[in-house]
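Asks: One letter stands for each residue in the lines below.
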Amino acid sequence: MSNKRHFRFVAISMLIALMLCVTVKSYAQEENAAEHHKIDTVYCGWSAHVDIASPFMGLIVDRSIRTLEAAIDVNLFNKIFPIAEIGYGQINSISKGGSHFQAAAPYWRIGLNYNIMRRFDNDDKPRPMHNYPFVGLRYGMSVLNYKLTDIPVSDPYWGGTQSVDYTGKNVYAGWLELLAGVRVDVAKGFTMGWAIRMKMLSHASIQKELLWYVPGCGRTDGLSFSFTYTLGFTARTAAERKKVETQKAKERAQEHVTIKQK
Amino acid sequence: MMMKKFWTVFCSLALLVTGCTTHDGECHEEIHTLMGVELYSTQYNAQEEVYKPTPYNVHLQVYGVGNDSLLYSLDKSVKEIALPLNNFDTISQFVIAMDSCIGDTLQIIHTSKNKFVSFECGCKFEHSIKSYNYTNHEIDSILLLNPEVNDINAKHLRIFFRTVQQ
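Same order as they appear, the protein sequences are chains A and B.
Just so we're aligned, residue -12 is where the first sequence starts under my numbering, counting upward by one.
Just so we're aligned, residue 1188 is where the second sequence starts under my numbering, counting upward by one.
What the hints contain is simulated information worked out from the structure, not anything from laboratory work.
The reader is advised that the hints may include incorrect statements.
Unchecked claim - Derived BS3-like pairs (lysine-lysine); straight-line CA-CA distance at most 30 angstroms:
# : chain 1 : residue 1 : chain 2 : residue 2
1 : B       : K1317     : A       : K156
2 : A       : K235      : A       : K175
3 : B       : K1300     : A       : K156
4 : B       : K1311     : A       : K195
5 : A       : K83       : B       : K1266
6 : A       : K195      : B       : K1239
7 : A       : K195      : A       : K134
Unchecked claim - For each label pair, taking beta carbons as the anchor points, the in silico distance ranges come out as:
#  : chain 1 : residue 1 : chain 2 : residue 2 : range
8  : B       : N1244     : A       : S150      : 37 to 47 angstroms
9  : B       : E1213     : A       : S192      : 21 to 31 angstroms
10 : A       : I39       : B       : T1298     : 48 to 58 angstroms
11 : B       : G1212     : A       : V29       : 21 to 31 angstroms
12 : B       : Q1294     : A       : P139      : 36 to 46 angstroms
13 : A       : I47       : B       : D1211     : 16 to 26 angstroms
14 : B       : S1260     : A       : N79       : 26 to 36 angstroms
15 : A       : F212      : B       : E1335     : 36 to 46 angstroms
16 : B       : S1315     : A       : A71       : 46 to 56 angstroms
17 : A       : F212      : B       : S1315     : 33 to 43 angstroms
18 : B       : I1278     : A       : F212      : 43 to 53 angstroms
19 : A       : G176      : B       : G1212     : 41 to 51 angstroms
Every residue, glycine too, gets a C-beta built ideally from N, C-alpha and C.
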């Protein structure tokens, strides 16, 4: 591994560590502000989701790209959601110049989502966390086989044409993602969510330009964006369910009193 | 209120960045490489009794040997020229004629390799000049400035035309 790759790896690690520190710090500050009497459990549940936007977009918008992915996350403090995502993508695209790019590979991402909603209201009462907006960070990686073929090369003055091919097996690429989205309760543990993702290729084991498209990351020439719409199931701990139901009951009672007063 | 601000800022940034990174599937990079050649004359300064190289603005006709297309015609004067090396051969030869003179032949011996640029643009050729030969009708000497030809802006050769006595 070259020094340059070492440097990139260290830089990415430091960035992730920094984001985690910022997350933990801001979480700690919120805890201090909200003070003492809220004793929370660390583990509040887990959820599993499947992205239905990517395959849908593959069928409707761009038939040359097919992607399927799923994610599982853990709810800590109702605030931090470490997450692992796994998927499979394939592309078969031809450029205007006639170059042909094919790749198919599994990919995975790790990272976390951070609930940006305050967990407690002004009276230090826990707010129901069934619906929340979040920001997130991911590090993704894919090991892919690719074929970049029929690249035309010519000499406009002296004449002559050829075509050039590049192929590679077990080539790896890593990327970073920043995202923002929402998670919403639908009914009885079933949840849905959506997120906008901004992605940037970080490193690759070969010349980056050869990997025109990396499954899970998208196009690699600059920033790329994607949209995920997920459906899935969320399991909450008994304590968490009770806490939210109590809060909901209080809110219902409050509404009842308000209506009576009117 | 905080949420509204968050989404306003996020959506604005997303739109801005999306607008800046729109892909139209076209190639927007220069993929042709040219060998840049500076034209000089060595003028003898009788007072100082020295030869001084100075940029030479001259009418030239330039074309590749075995190729009918003119790269430069005598219509306008030039101080520098850019010559395409053959992508599929190791020898490129050019005729460089001043006015209606017989002209000189410049032979460049080089290697060529293709470098992938992007999916939209394909490959570009990069050349490395190994040696060069020339006839001496009007050309006095040639200086190799940079043997690596990998873009269209750099200067690689300097041609000194025959002395003009002041």
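Asks: Which numbered hints does this structure break?
Replies: Structure breaks hints 1, 5, 6, 11, 12 and 14.
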